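Undergrad: Fit chain B to the supplied structure of chain A, relying on the hints for placement.
So you can see what is in the structure, the chains are spelled out below.
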Amino acid sequence: MIHVQQEDFDVSQELAKLTADNHAIGGVAVFVGLVRDMAGESAISAMTLEHYPAMTEKMLAEIEQEARTRWPLEASLVIHRYGRLEPGDRIVMVAAASAHRQAAFEASAFLMDWLKTKAPFWKLEETSEGAQWVDARDSDDKAAARWVKRDPDAAE
Amino acid sequence: MKLLYFAWLKTRTGMAEEEVTPPEGVATVGELLSWLEGRGPNFAAAFSDRRAIRVAVNQAYAQPGDPVRAGDEVAIFPPVTGG
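Residue numbers (numbering that gives the first Met the number 0), protein chains in the order written: chain A, 0 to 155; chain B, 0 to 82.
Among the hints, a few may not be true.
Claimed, not checked - Using 20 Å as the maximum straight-line C-alpha spacing, the simulated SDA-like pairs for lysine to any residue come out as follows: (1) A:K117 / B:V54; (2) B:K1 / B:G39; (3) A:K141 / B:R53; (4) B:K9 / A:L123.
To be verified - Quick list of simulated restraints, FRET-style, between CB atoms: (5) B:R38 / A:A144: 53 to 63 Å; (6) B:G37 / A:A19: 49 to 59 Å; (7) A:S41 / B:A59: 43 to 53 Å.
Treat the hints as calculated values from the structure; they're not laboratory data. These numbers come from a predicted model, not from an experiment. C-beta atoms are modelled at their ideal positions from N, C-alpha and C, and glycine is treated no differently.
The following block holds chain A by itself, in its conformation from the complex:
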C-alpha cells in the first residue's frame, strides 16, 4: 500500500489497518522518519518537501513490488508526506509484515534505502542562513547499493 500525502498519519492506526484479520503475520518491522532540528551546524526551522507527483507513486509502487518479490511479505506499507514540515514532524513511514522477523527487518530496510535514492522527493531546508536544497548523500547511495543483485552474466 502506497500513500503520498500532505497530512500527518497515525502510526498505531496504520499498523492496526495493515495487520487486521491476517493471522499469518508473525511480526511487523516499522521505520518512521522525523524532521531533525539540525543539518550539520545549522539549525533548521522547517523544511519543504517537493515531489514529482506523476512519478512518485509509480516509483514507490515499483519499490514495494520489488520488496514483495524478494521477501515473503504478508503486507507492506509506504507513507510519504510532502509540503512544509517542522522539526519533530513525521515525514515517512514504512512497514513490512511477514511470518518471521528476518524478512520483515530486511524488507523494511530495503524499502527505506531504495526510497531514499529513487523516489523523486527533494528537501528544501529553512535555516538562519536562508533556504537550502539538501544535497544527496554518498552514504545513501552505498546503503541502496547493498541491495543490488549481482548478475553473474553481466559484463563489467
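TA: Chain B in isolation, oriented as in the chain A frame:
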C-alpha cells in the same frame, strides 16, 4: 515535448515547466541536455555539472543514451533527497 524542472533546477532555469520542440538531431537524453544548455546563461549554469542531474522520461529514470521523442514528458532534477 514537455519539460519539467524540480528543486534547484527549477530555481536556476527560472521555470517549473515548458513545452519545447527540439531541432532534428536531438534524439537522446544527452543530446537534449546539450541543446538545452545552449539556450542561455541560466540553462548553461543549471546544466554545467551533469553528474548532479538526473533525467526521467515519461516518469522512468533514463540514461544519456536513451531516446527522447516528440510528446514525451522529460523531467530534469537533482539526485533525490526524500525519506
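Undergrad: Can the suggested window of 53 to 63 Å be confirmed for the beta-carbon pair R38 of chain B and A144 of chain A?
TA: With Cβ atoms ~35 Å apart, the hint is violated.
Undergrad: Could you see if the CB distance from G37 of chain B to A19 of chain A stays within 49 to 59 Å?
TA: 57 Å Cβ-Cβ, so the 49 to 59 Å window holds.
Undergrad: Between the alpha carbons of K117 of chain A and V54 of chain B, is the straight-line distance 20 Å or under?
TA: It holds: about 12 Å lies between the C-alpha atoms, which stays within 20 Å.
Undergrad: Okay, S41 of chain A versus A59 of chain B on CB: inside 43 to 53 Å?
TA: violated (35 Å)
Undergrad: Hinted pair, alpha-carbon criterion (20 Å max): K1 of chain B, G39 of chain B. Please report holds or violated.
TA: holds (19 Å)
Undergrad: Could you grab the alpha-carbon distance between K9 of chain B and L123 of chain A and see if it respects the 20 Å cut-off?
TA: Holds, at roughly 12 Å.
Undergrad: If you draw a straight line from the CA of K141 of chain A to the CA of R53 of chain B, is it 20 Å or shorter?
TA: Holds, at roughly 18 Å.
Consistency note: the structure conflicts with the earlier hints numbered 5 and 7.
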